[in-house]
Amino acid sequence: MAGGVGSGVVLDDQRVRPSEKIWRLIFSHWFIADPNIPNSPRMLQEQAFSGDVSGDVSIVRVLPHMTEQFVDSVYSGKFKGCGILELNADDVRKAGLVFEYDHDPEWRQDTHFVLRRVGGTVQQPQLQKKLNSTQKAELVRLACAQPLRREPP
Amino acid sequence: MGTFSLLRRGGGGGWRTYFETQLAKLQKELPSGSDSWSPHSPPENVVRVAREIISHIERDDLPLPLMIPGSDGSLQIKWRRIRELSFFVFPDAAPEFLQVFPDGQIAQGLLTNDQQAPSLINWLLAA
Chain A
-16 MAGGVGSGVV LDDQRVRPSE KIWRLIFSHW FIADPNIPNS PRMLQEQAFS GDVSGDVSIV
44 RVLPHMTEQF VDSVYSGKFK GCGILELNAD DVRKAGLVFE YDHDPEWRQD THFVLRRVGG
104 TVQQPQLQKK LNSTQKAELV RLACAQPLRR EPP
Chain B
86 MGTFSLLRRG GGGGWRTYFE TQLAKLQKEL PSGSDSWSPH SPPENVVRVA REIISHIERD
146 DLPLPLMIPG SDGSLQIKWR RIRELSFFVF PDAAPEFLQV FPDGQIAQGL LTNDQQAPSL
206 INWLLAA
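From first to last, the protein sequence lines are chains A and B.
Following the numbering used here, the numbering of the first sequence begins with -16 at its first residue and continues without gaps.
Following the numbering used here, the numbering of the second sequence begins with 86 at its first residue and continues without gaps.
Hints in this document: simulated from the structure, not taken from any laboratory.
Any given hint could be a false lead.
Among chain A residues calculated to face chain B with C-beta under 7 Å, some are [unchecked claim]:
1. Q30
2. G34
3. S41
4. S116
Distance ranges between label pairs, derived from CB positions [to be verified]:
5. B:W208 - A:V101: 38 to 48 Å
6. A:N22 - B:G189: 32 to 42 Å
7. B:E105 - A:V105: 43 to 53 Å
8. A:L46 - B:D145: 48 to 58 Å
Keep in mind that this is a model prediction, so the values were computed, not measured.
Note that the Cβ used here is the ideal one computed from N, Cα and C, for glycine as well.
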């Protein structure tokens, strides 16, 4: 696994280049309307960045092979029709997050990463597994600045 | 208790029924477990803590909550007005709150006692 923890180690994987686009898949439970307002627009919610029990929030780089059709085909169509949020890697880093490589052959080499936050001290920074609520809210704010690339059903 | 009674407006607290309906729906619709991509059903310990938090809120005049499952089985209970308030209940950690102010300022913290939820709800409805 790239990155690592400890003094002198680069925590943020530079394979995700500045200004590069990344995608996070969005399920319909995370893109919902306000039930109090009839016909209100659907909005992205913080839980879209909740991660698994170990804190992994998956994203993929938008490399040349990454198309909506490719997303629809991975894991035998598990994500077919899923919403797609496109973010700029710079913006994600400005929100205080870094990228950690997590090899997943289904997405191909150098493509699948997880979002991490950096904690610890300046002298000894450490990768923190789970994003906090503020960071999730910051990501939602970033996401809401533009429409989803593809809305979930 | 007296203060809460004075603040109540009718309506019978329909938001509580909505909370339970949505909770049951999420439990029925979603798979259990956890992954880094997709939402999962809140497990029993999350449901229990969520109900406990809700039980401390006496006000009936709340809007309907947004109920949002996480990919770790967590549950976000969110109210949107001019201000926004969320409670996050996790399968493996203490529950948290998140406040979003009208100017975009954000505050978060742990829910550590029974009085916090009612107090935060009052904050939500004060503006």
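Right, here's what the structure says about each hint:
no.: 1; hint: Q30; verdict: 4 Å, holds
no.: 2; hint: G34; verdict: 6 Å, holds
no.: 3; hint: S41; verdict: 4 Å, holds
no.: 4; hint: S116; verdict: 4 Å, holds
no.: 5; hint: B:W208 - A:V101: 38 to 48 Å; verdict: 31 Å, violated
no.: 6; hint: A:N22 - B:G189: 32 to 42 Å; verdict: 25 Å, violated
no.: 7; hint: B:E105 - A:V105: 43 to 53 Å; verdict: 47 Å, holds
no.: 8; hint: A:L46 - B:D145: 48 to 58 Å; verdict: 53 Å, holds
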